[in-house]
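Undergrad: So you can see what is in the structure, the chains are spelled out below.
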Amino acid sequence: MKPIETRLARLARKGDQRAFAEIVELYKDKLYHLAYRMMNNRQEAEDVVQESFLRVFKNLDRYDENQKFSTWIYRIATNLCIDRLRKRRPVYSLDAETDHEGLDGYSMLPSDDRTPESELLLSETQKLIRDAVETLPVKYKSIMILRYLQDLSLQEISEVLDLPVTTVKTRVHRGREYMRKKLESKL
Amino acid sequence: MQKGMASIMNCKAAIAYMHDYLDRELPYEQTIELQRHLASCSECRMRLEALEKTDALMRSFPSEQAPPDLANRILKSLPRTRNPRSWTTWVRRHPAVSAAALFLVVMVSSFVTMWNQSQQLTVRGSDLDHVVIQGRTVIVPAGQKVDGDLTIENGVAQVMGDVQGNLTIIDGNVTLASTAHIAGKVKTIDRAVDWAWYKVTSWFDTLAYGS
Numbered sequence: 795m796k797p798i799e800t801r802l803a804r805l806a807r808k809g810d811q812r813a814f815a816e817i818v819e820l821y822k823d824k825l826y827h828l829a830y831r832m833m834n835n836r837q838e839a840e841d842v843v844q845e846s847f848l849r850v851f852k853n854l855d856r857y858d859e860n861q862k863f864s865t866w867i868y869r870i871a872t873n874l875c876i877d878r879l880r881k882r883r884p885v886y887s888l889d890a891e892t893d894h895e896g897l898d899g900y901s902m903l904p905s906d907d908r909t910p911e912s913e914l915l916l917s918e919t920q921k922l923i924r925d926a927v928e929t930l931p932v933k934y935k936s937i938m939i940l941r942y943l944q945d946l947s948l949q950e951i952s953e954v955l956d957l958p959v960t961t962v963k964t965r966v967h968r969g970r971e972y973m974r975k976k977l978e979s980k981l
Numbered sequence: 051m052q053k054g055m056a057s058i059m060n061c062k063a064a065i066a067y068m069h070d071y072l073d074r075e076l077p078y079e080q081t082i083e084l085q086r087h088l089a090s091c092s093e094c095r096m097r098l099e100a101l102e103k104t105d106a107l108m109r110s111f112p113s114e115q116a117p118p119d120l121a122n123r124i125l126k127s128l129p130r131t132r133n134p135r136s137w138t139t140w141v142r143r144h145p146a147v148s149a150a151a152l153f154l155v156v157m158v159s160s161f162v163t164m165w166n167q168s169q170q171l172t173v174r175g176s177d178l179d180h181v182v183i184q185g186r187t188v189i190v191p192a193g194q195k196v197d198g199d200l201t202i203e204n205g206v207a208q209v210m211g212d213v214q215g216n217l218t219i220i221d222g223n224v225t226l227a228s229t230a231h232i233a234g235k236v237k238t239i240d241r242a243v244d245w246a247w248y249k250v251t252s253w254f255d256t257l258a259y260g261s
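Top line first, the protein sequences correspond to chains A and B. The opening position of the first sequence corresponds to residue 795 in the numbering used here, with each subsequent residue numbered one higher. The opening position of the second sequence corresponds to residue 51 in the numbering used here, with each subsequent residue numbered one higher.
Fair warning: there could be bad hints in the mix.
Below, in silico cross-link-like pairs of lysine-lysine (DSS-like), each with a Cα-Cα straight-line distance of 25 Å or less [to be verified]:
{"id": "1", "chain 1": "B", "residue 1": "Lys103", "chain 2": "A", "residue 2": "Lys824"}
{"id": "2", "chain 1": "B", "residue 1": "Lys237", "chain 2": "B", "residue 2": "Lys249"}
{"id": "3", "chain 1": "A", "residue 1": "Lys976", "chain 2": "B", "residue 2": "Lys62"}
{"id": "4", "chain 1": "B", "residue 1": "Lys103", "chain 2": "A", "residue 2": "Lys980"}
No lab work stands behind these hints: they were computed from the structure.
Let the sequences and hints guide you as you build the complete structure.
TA: And the structure:
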């Protein structure tokens, strides 16, 4: 018996709208959480989630049922985030060269005027984690988010990012050390 | 790592073990080695404790929920139907086969059209006034003279008079009476291959030069 998502994907492929709505319901929060931590911006996170589901919808024919559905959908969303982060990088290094005192790359992020309640409720330690994750280089950031915030196994991460497990492992170890140093004062 | 390294295990190796341990991938024997090292190294004990807390804090990070209207917006943004994609995708994946299939369809349909047309009796010639047509039989009566060529498709020719030019019969046959006189050549085309070849060449002529 195939897992529920695989069966839903099969129905959606045949044009069942409700099956697709069910897939959206199952994954919207997971993808949003992933995208929000990757992009650190609500609007961009929403865009990524919307674009991810659109790609899933358009490419249902290419979904290989031997693969976990979650792996496939995480790969689509993660790649979208990575692409966007790579595209916005040069913009900030350009900004950094101008004479905006006190404005580093981080504060030059697109403004995010809505402060969600969930952010207000974060403890000092959690804010420290959020800021530390934000400063991780992209290749560590995606892995740490998938490992800790999405609870994926090393094997799953290797499939999502198309990297050898040994590479994933090394990056988790380095990422963990990085986070440990950032959180040192709180430990 | 080889066995027997426990007693001389350095901190660098111990840290690598710690990470494998936190990934739940450190085998039993190595875990014992790590324990021995920790028992004698307070720095590494603190390191492992800090890493364990980091792990726990990361895992307990509150998850974010998508805005309540996002699901609706996603569903509304989807294309109306995904059905047309199935064949366009196929076409894109097999361009050569698709082109060949399209060519075949055009060829077959034009052949069918031509075949249907060719079921009818057709008589061509510059001078048809002296010809009598009875059903599928084309008669050149005795004493009559046809100026120029005469071409008959899908019919029977019965020649008793004179034909000044060539007589061509396609998919039919000809009966020449003793009184018949044909100035040019008599040609009968009744084989399918000849017919097809004739049609293909004329079809390509049409393509190349227009009709």
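Undergrad: All hints, please: hold or fail.
TA: A quick look at each hint next to the structure:
{"no.": "1", "hint": "B:Lys103 - A:Lys824", "verdict": "24 Å, holds"}
{"no.": "2", "hint": "B:Lys237 - B:Lys249", "verdict": "17 Å, holds"}
{"no.": "3", "hint": "A:Lys976 - B:Lys62", "verdict": "20 Å, holds"}
{"no.": "4", "hint": "B:Lys103 - A:Lys980", "verdict": "10 Å, holds"}
In terms of the numbered hints stated before, the structure departs from none.
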